[in-house]
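2 protein chains.
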Amino acid sequence: MAVIERNIERTDLPLIVIPNGVPTLEGPFLHEIERLDGMARVRMFTGETDLNDHGLFIKRSQGADAVVVLGFHVTDDIFDAISGTVKCMAFGGTGIANYVNIPRANEMGIRLCNVRHYGDQSVAEHALALMFELAKRTGRMDVRMHDEGGWEGFDAIQLCGKTVGIVGFGGIGSTTARMCTGLGMDVIEWSHRSHADEAAAMGVREVPTLERLFDEADIVSLHLALNPQTEGIIDSALLDRLSPGNAFINTARSQLVAPGALLRRLEQGDVAAGLDVFDTEPLPDDDPLRSLPNVVLTPHNAWRTDGASRGIARQVVDSLIAWIKGEDYNVVS
Amino acid sequence: MAVIERNIERTDLPLIVIPNGVPTLEGPFLHEIERLDGMARVRMFTGETDLNDHGLFIKRSQGADAVVVLGFHVTDDIFDAISGTVKCMAFGGTGIANYVNIPRANEMGIRLCNVRHYGDQSVAEHALALMFELAKRTGRMDVRMHDEGGWEGFDAIQLCGKTVGIVGFGGIGSTTARMCTGLGMDVIEWSHRSHADEAAAMGVREVPTLERLFDEADIVSLHLALNPQTEGIIDSALLDRLSPGNAFINTARSQLVAPGALLRRLEQGDVAAGLDVFDTEPLPDDDPLRSLPNVVLTPHNAWRTDGASRGIARQVVDSLIAWIKGEDYNVVS
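So the protein lines, in turn, are chains A and B. Residues in the first sequence are numbered consecutively from 1, following the numbering used here. Residues in the second sequence are numbered consecutively from 1, following the numbering used here.
Bound-form chain A, shown alone (with noise of 0.2 Å):
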């Protein structure tokens, strides 16, 4: 544990406390606290923390007129004990709702606020990956050579040519499907709300129904976000309307897919499926889909890139910039 302490003696300023450390968020919140220099003085601690130590959150962030809080549950107690000075959290993710009580916030006049779409282009780019290793096998050939030796090669599949499907288009789908266009892939895009100017300005065919999404892709990516009307969309007969040889990528989220219906679709054997999402996370490692030979699985790791991290320390710093001139950014309630 380390502390780092900017314009500490300037105490006309407001106090900024980061009361944990995140490792992959250090670097870029270094760097992004220099801009407070004059508008706050910043208290950051660094190290990994237990996130339960509501004792620590309490302690550290003792006389802050912000909190930013980076995973750690906002309990109770932590808001009895920080509610007097506290007049503004960050948020460093997107759904705060189960970080914070927004109610009790508002109660107390606290302003809340939270970080949007820093992870499109990871996750984009994750959902690329996913489809980079579904047809070119690259990732496992190389842990091949380095473990097993030999010079087994594979049949890969070239992307160009094909036609992806992007089902959602919003921040993430419209970034994939532009990456996609710039592979020489065919793009076509279904989502609830039409888009398709939009699409069509970026090369991309906007088709009537999730069903000639599936009928028409070799690919089917998916790109919406998880809610009562999505919740279970990719059914069995969706999922039937795949064609040997076909590829379903889910970067999304797990319960977009009917329960057991995509299990059930892959084990006969004849598509592929990436995922990084998943009923249960982590994944237990019993789960049916390990031993699957036609699914590339990665841990819900999408959103864990640099790019990522410096989107984060960039919007919340923006958020409280914002905050200190009175300005709205990002406000949440």
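These are computed hints drawn from the structure, not numbers from a lab. The structure presented is a predicted model; accordingly, all values stated were derived computationally and were not measured. Glycine is no exception: its CB is placed at the ideal position from the N, C-alpha and C atoms. Be aware that a few hints might be false.
Computed beta-carbon distance windows for the label pairs [unchecked claim]:
id: 1; chain 1: A; residue 1: G245; chain 2: B; residue 2: E267; range: 40 to 48 Å
id: 2; chain 1: B; residue 1: D53; chain 2: A; residue 2: A200; range: 40 to 48 Å
id: 3; chain 1: A; residue 1: R104; chain 2: B; residue 2: A201; range: 39 to 47 Å
id: 4; chain 1: B; residue 1: D155; chain 2: A; residue 2: R10; range: 49 to 57 Å
id: 5; chain 1: A; residue 1: G170; chain 2: B; residue 2: P259; range: 47 to 55 Å
id: 6; chain 1: A; residue 1: E5; chain 2: B; residue 2: P259; range: 23 to 31 Å
id: 7; chain 1: B; residue 1: E267; chain 2: A; residue 2: E48; range: 29 to 37 Å
id: 8; chain 1: A; residue 1: S333; chain 2: B; residue 2: E216; range: 26 to 34 Å
id: 9; chain 1: B; residue 1: N106; chain 2: A; residue 2: A200; range: 47 to 55 Å
id: 10; chain 1: B; residue 1: D155; chain 2: A; residue 2: Q62; range: 27 to 35 Å
id: 11; chain 1: B; residue 1: I102; chain 2: A; residue 2: G170; range: 53 to 61 Å
Given chain A, put chain B in place with the hints provided.
Here is chain B on its own, set in the frame of chain A:
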């Protein structure tokens, strides 16, 4: 072994023989030879063949007006046996000189054709596949999740925003460059002959020297042809310009790098490499590259895709159609 014949009763038409089967090419050739209907008789042999069985090639090529050469050497005895009837040899690769005695074919008035740039897209995609595996370790995480269980992630690198330096701006280099711009990477290129306008048109910046390219790039990808001017062009002085965290990709030829220079640089451990080509192929099991954690290795597999196979079959048949019509296509001499 099987033999497939088309229009074989039409003895008024020239006879084209494909005397050996190559598993990945059979499907594409079966599809493409349909285009010869009404123009030629075709006799196509399938199944693996001993490439040293001259007698078999002689026997199968009996009476052929044209022969398709897929990976076997047209030795003197084969030449002697078929030279009475054969007027065209269509080679299913680019470097025909290693397989066919060109002066002798010229003397005998035999047209020689090859296929060109059929692997550009595949090799460019493989360069990206190596880049993705170095940046994301998707394949390595997958193998671990399949073989060892667990849920161990990786601090991945976002490719968007990184600078890639393309060395050599021919078919493969420019294809790789175009795809990298599609990923949102900054792309610079250098080659012996300036391509500044062509590069600028696709948003790529030409740099004046190879040194500058190594200084500015986060990832260097090699796409030069091997010739006396380029052999050993990537020397230790250039490789020393790579900064910690940088990566070097070689899908071209190992001999473009000065002997031993890459291994020495990689053994310092601060830069990474993705390599599909090696000084000795197959790569010996005790090669020190196999024990370096900072390299991704594939067994000269970049060209091996469905798309490249289709390109070979398509161009071979195009060259045969041109020969029949007295037109020029992919004629070497």
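Satisfaction of the hinted span 29 to 37 Å by the C-beta atoms belonging to B/E267 and A/E48: holds, 32 Å
Cβ separation of B/D155 and A/Q62, checked against the hinted range 27 to 35 Å: holds, 32 Å
Range hint 47 to 55 Å (beta carbons of A/G170 and B/P259) holds or violated: This hint holds: roughly 51 Å between Cβ atoms.
Range hint compliance [Cβ, A/G245 to B/E267, 40 to 48 Å]: Given a distance of about 41 Å, which is inside 40 to 48 Å, the answer is holds.
Distance restraint hint 26 to 34 Å, applied to the beta-carbon atoms of A/S333 and B/E216: Because 45 Å falls outside the window, the suggested range is violated.
Verdict for B/I102, A/G170 (Cβ pair) under range 53 to 61 Å: For B/I102 and A/G170 the Cβ distance comes to about 58 Å; the hint holds.
A/A200 and B/N106 - C-beta distance against the hinted 47 to 55 Å: Since the Cβ atoms of B/N106 and A/A200 sit about 53 Å apart, the hinted range of 47 to 55 Å holds.
Verdict for B/D53, A/A200 (Cβ pair) under range 40 to 48 Å: Violated, since B/D53 and A/A200 (Cβ atoms, about 56 Å apart) do not stay within the stated range.
Outcome for the supplied range 49 to 57 Å, where the beta carbon pair is B/D155 and A/R10: About 34 Å separates the Cβ atoms of B/D155 and A/R10, which means 49 to 57 Å is violated.
Whether the CB-CB distance between A/R104 and B/A201 falls inside 39 to 47 Å: violated, 57 Å
Pairwise beta carbon distance, A/E5 to B/P259, judged against the given window 23 to 31 Å: violated, 53 Å
Of the numbered hints listed earlier, those contradicted by the structure are 2, 3, 4, 6 and 8.
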